[in-house]
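FYI, in this note's numbering the residues of the sequence shown are 42 to 155.
Be aware that one or more of the hints could be misleading.
[Stated by the list, open to error] No more than 25 Å apart at the CA atoms, straight line, and that leaves these computed lysine to any residue pairs for SDA-like: (1) Lys57 with Leu76; (2) Lys120 with Lys137; (3) Lys137 with Glu126; (4) Lys96 with Leu76; (5) Lys108 with Met119; (6) Lys98 with Asp113; (7) Lys137 with Lys148; (8) Lys96 with Ser85; (9) Lys137 with Ile127; (10) Lys98 with Ser86.
Just so you know, these hints were derived from the structure itself, not from any lab.
All values derive from a computational prediction rather than experimental measurement.
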Amino acid sequence: MAKNKKSNINLMDILKGKFLVEDGSMQNWRFVLYLVFLAFVSISSSHWVNKKVVKIKQLDEEVSNLKAQYTDAHRYLMKMQLEPEIMRQSEALGIKLTDEQPYVIVKKIYDQEP
Numbered sequence: 042m043a044k045n046k047k048s049n050i051n052l053m054d055i056l057k058g059k060f061l062v063e064d065g066s067m068q069n070w071r072f073v074l075y076l077v078f079l080a081f082v083s084i085s086s087s088h089w090v091n092k093k094v095v096k097i098k099q100l101d102e103e104v105s106n107l108k109a110q111y112t113d114a115h116r117y118l119m120k121m122q123l124e125p126e127i128m129r130q131s132e133a134l135g136i137k138l139t140d141e142q143p144y145v146i147v148k149k150i151y152d153q154e155p
């Protein structure tokens, strides 16, 4: 019968790194490399998400800026469509309103029967 080796691992053995150099330490190395890989994936995904959050914030600021520009342009356009503004600009071009009523030309179309 083979004796089972009793595992007496204490804190000092872990701090000295004996679990990485003893017989059968290949399993321990695999586990350590797995933990390093998981840490790398966790850190890189955290940085990736942080970049996305910053980009979203920049785009939100740009959208709010464009909305403000749209509001200003819309307000200016509405002002330009008012009658006093149109009259002021047309007078600058030399166009004035007349006091005479315009003539209405009516053309009557007669149906001709064949």
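Here is what the structure says about each hint:
1. Lys57 with Leu76: Holds - the C-alpha atoms of Leu76 and Lys57 are around 19 Å apart, at most 25 Å.
2. Lys120 with Lys137: 20 Å, holds
3. Lys137 with Glu126: Satisfied, since the Cα-Cα distance of roughly 13 Å is no more than 25 Å.
4. Lys96 with Leu76: Between Lys96 and Leu76 the Cα gap is close to 30 Å, so the pair fails against 25 Å, i.e. violated.
5. Lys108 with Met119: 16 Å, holds
6. Lys98 with Asp113: 23 Å, holds
7. Lys137 with Lys148: 28 Å, violated
8. Lys96 with Ser85: 17 Å, holds
9. Lys137 with Ile127: 11 Å, holds
10. Lys98 with Ser86: This hinted pair holds, its Cα atoms lying about 18 Å apart.
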